[in-house]
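Number of protein chains: 2
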Amino acid sequence: MLSIQERVNRLNMKQRKNKILVVGAGGVGAYFGGRLAQGGVDVAVVCRSDYESVLTSGYDIKSIAGDFIFKPAAVYRSCEECPSPPDFLLITTKALPEIDLTSIIYPVVGPETTIVLLQNGIDIEEPIAESFRDNELISGIAYIGVTRSGAGKVYHKGSGHLKFGVYPSGISRKLKELAALFNEVGVECEAVDDIVLFRWIKLVWNMPYNPVSVLAGGVDTREISESPLLEGLCAELMREVCAVAAACGKPLPPDIVEKNLNYTRSFPPYKTSMLVDYDNGRPLETDVIVGNLLRLARQHQVPVPRTETIYALLTVKGYKNIDK
Amino acid sequence: MLSIQERVNRLNMKQRKNKILVVGAGGVGAYFGGRLAQGGVDVAVVCRSDYESVLTSGYDIKSIAGDFIFKPAAVYRSCEECPSPPDFLLITTKALPEIDLTSIIYPVVGPETTIVLLQNGIDIEEPIAESFRDNELISGIAYIGVTRSGAGKVYHKGSGHLKFGVYPSGISRKLKELAALFNEVGVECEAVDDIVLFRWIKLVWNMPYNPVSVLAGGVDTREISESPLLEGLCAELMREVCAVAAACGKPLPPDIVEKNLNYTRSFPPYKTSMLVDYDNGRPLETDVIVGNLLRLARQHQVPVPRTETIYALLTVKGYKNIDK
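Protein chains in written order, with the working numbering: chain A, 1 to 324; chain B, 1 to 324.
No lab work stands behind these hints: they were computed from the structure.
Just so you know, not all the hints are guaranteed correct.
It does not matter which identical chain is used: a pair holds within one copy or between any two.
Stated by the list, open to error - Below 20 Å or equal to it, Euclidean Cα-Cα: the simulated SDA-like pairs (lysine to any residue) are:
#1 LYS320 to GLY217
#2 LYS317 to GLY232
#3 LYS271 to GLU98
#4 LYS320 to GLU223
#5 LYS317 to PRO228
#6 LYS250 to GLY66
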């Protein structure tokens with residue numbers, strides 16, 4: 001027999017065309033989806049692992065911006081369960097090679113659906129762009145410190161703003177609409193013309209600090225900044241990122257390395273998301289953060305020996321960690 | 001009151017000038033010292049951590065060459081306890097920056113003492129050569145799989161031969177004498193003119209496999225050989241070693257990389273000594289295996305980006321491992 005929640009949910013499923021459907025509602029998806037819902041936007045979620053808990057109680061979000069409960073308009077176990085395509089499909093899954101995103105979202109992508117990739121890494125858009133040529137694709141970057149701290153529980157501990165841009169470039173009507181939805185609920189969201197450039201800029205930080213934090217035996221950003229060896233390695237890795245970015249037509253400002261080192265020195269000890277994943281035995285985003293960079297470097301014949309070293313070690317270390 | 005062993009030991013200490021004094025009698029020192037003692041050579045040991053156990057029962061050596069007990073002619077807690085300098089001071093301590101070898105051996109180095117460094121790494125001889133300018137210095141390489149498996153317990157599981165040469169080069173009367181002592185007891189020992197060349201050759205294997213086994217999350221040689229990423233990284237690291245060796249005047253044969261890869265593929269899964277040390281929370285020989293290589297590379301302006309990467313990660317990971 002169905003519970004009351006299950007029955008309400010089924011009813012919602014039949015009635016609504018959701019404005020926003022969040023796929024992969026971990027920390028990032030639940031927080032940003034929740035903020036929109038707080039402002040009255042219709043936000044449904046596809047949520048496999050925490051389904052029962054989210055259906056019953058919603059997401060319990062502890063946030064530096066104020067704690068709140070996020071009860072999605074509907075909760076689906078998979079995209080197949082969703083009765084009609086949403087306006088915006090907000091994808092916040094981990095970007096892992098073993099996840100076939102195209103197959104996962106295929107059932108809910110309608111002709112008018114705008115696909116929004118809010119994921120880490122570089123050059124992650126192409127497979128989705130190719131699979132859904134007729135849909136608008138928005139690429140986004142989340143600047144936020146947020147983790148899933150248990151079933152249906154989210155802990156938001158730092159920042160919390162967004163940048164979105166049409167992929168590969170440009171600003172569209174629907175992009176403006178999405179940015180307005182976020183800004184209206186107080187989440188700073190910028191529509192940018194060249195989102196790929198911002199992905200490169202974010203990679204300059206992500207690429208060194210995430211892998212180094214894991215490979216050096218589990219160190220936080222403070223430990224990296226205070227070790228001349230590790231900070232020096234991060235600087236060299238950043239220079240490799242900059243060289244590849246330039247070869248891809250996105251030259252970065254020359255002081256970006258020094259600025260990133262100083263910025264990292266300035267904030268409290270921070271455990272990178274990759275180290276959090278590693279310590280929890282979860283898959284690492286090695287491929288989108290390091291592997292895609294390496295692929296682009298090879299395409300453009302840019303030597304990146306340190307990136308290669310990091311990639312080989314981290315790939316095996318990451319897989320061994322899950323095997324355990 | 002002194003035990004009988006203690007009294008016999010004290011008597012021995014006063015009576016003898018030892019032929020061989022082994023300093024740092026872990027697996028390597030106990031095995032090779034023990035083999036000489038089996039053949040009737042007077043071998044004493046300086047042994048701090050296992051002193052009581054070794055004094056009472058000697059070393060219990062399980063060996064593929066036949067198990068045996070090694071009762072040293074005398075057991076000293078430190079070099080100060082040794083009443084007179086030996087003919088050969090056989091140093092088999094780990095080569096670690098925190099061990100001040102000069103101070104440790106100073107009390108037992110007499111004018112006629114030949115100092116024998118049987119340690120891992122590259123360019124490890126200079127500090128001892130400078131501190132004891134008037135003593136003959138022999139540098140040696142042990143090709144052996146041997147571990148200390150407990151207090152006074154040693155497990156010898158593979159190979160077991162030696163190469164020695166006068167440092168920086170040449171063959172002397174005492175070198176021939178030492179080689180003869182080993183060969184007489186059935187331990188294959190070769191006196192070579194250019195021992196530094198053989199250190200480089202050994203480093204071509206040691207340098208990649210040891211650090212990679214630790215940094216990739218604890219992998220054996222088979223796992224490395226079966227991973228194209230890790231084996232490729234090892235090959236690149238070997239090429240960096242070869243480049244530095246050539247710059248130091250020791251060009252290595254061009255097929256040495258391929259031969260080492262094939263050789264490693266051919267033997268059963270093997271856990272490197274550095275991984276054994278890591279798993280036991282012991283200090284790693286990062287500096288003599290990787291750091292000294294890096295120093296020589298800088299002196300000769302040879303770019304070694306992968307070695308630099310490995311060195312930074314391993315240094316911090318090694319220290320963190322001991323802190324635990």
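Consistency of the hints with the structure:
Both within a single protomer and between protomers do LYS320 and GLY217 lie at most 20 Å apart by alpha-carbon distance, with minima of 14 Å and 7 Å respectively. With identical chains, the CA atoms of LYS317 and GLY232 are at most 20 Å apart between copies only, with a shortest distance of 16 Å across copies and 22 Å within one. Taking CA atoms no more than 20 Å apart as the test, LYS271 paired with GLU98 passes in neither setting, with 25 Å inside one copy and 30 Å between copies. Taking CA atoms no more than 20 Å apart as the test, LYS320 paired with GLU223 passes between copies only; the shortest distance there is 11 Å, against 24 Å inside one copy.
Within a single copy, LYS317 and PRO228 get their C-alpha atoms only as close as 24 Å, which misses the 20 Å cut-off; across copies the closest is 14 Å, which meets it. In this assembly of identical chains, LYS250 and GLY66 lie within 20 Å of each other by CA distance neither inside one copy nor across copies; the values are 38 Å within and 66 Å between.
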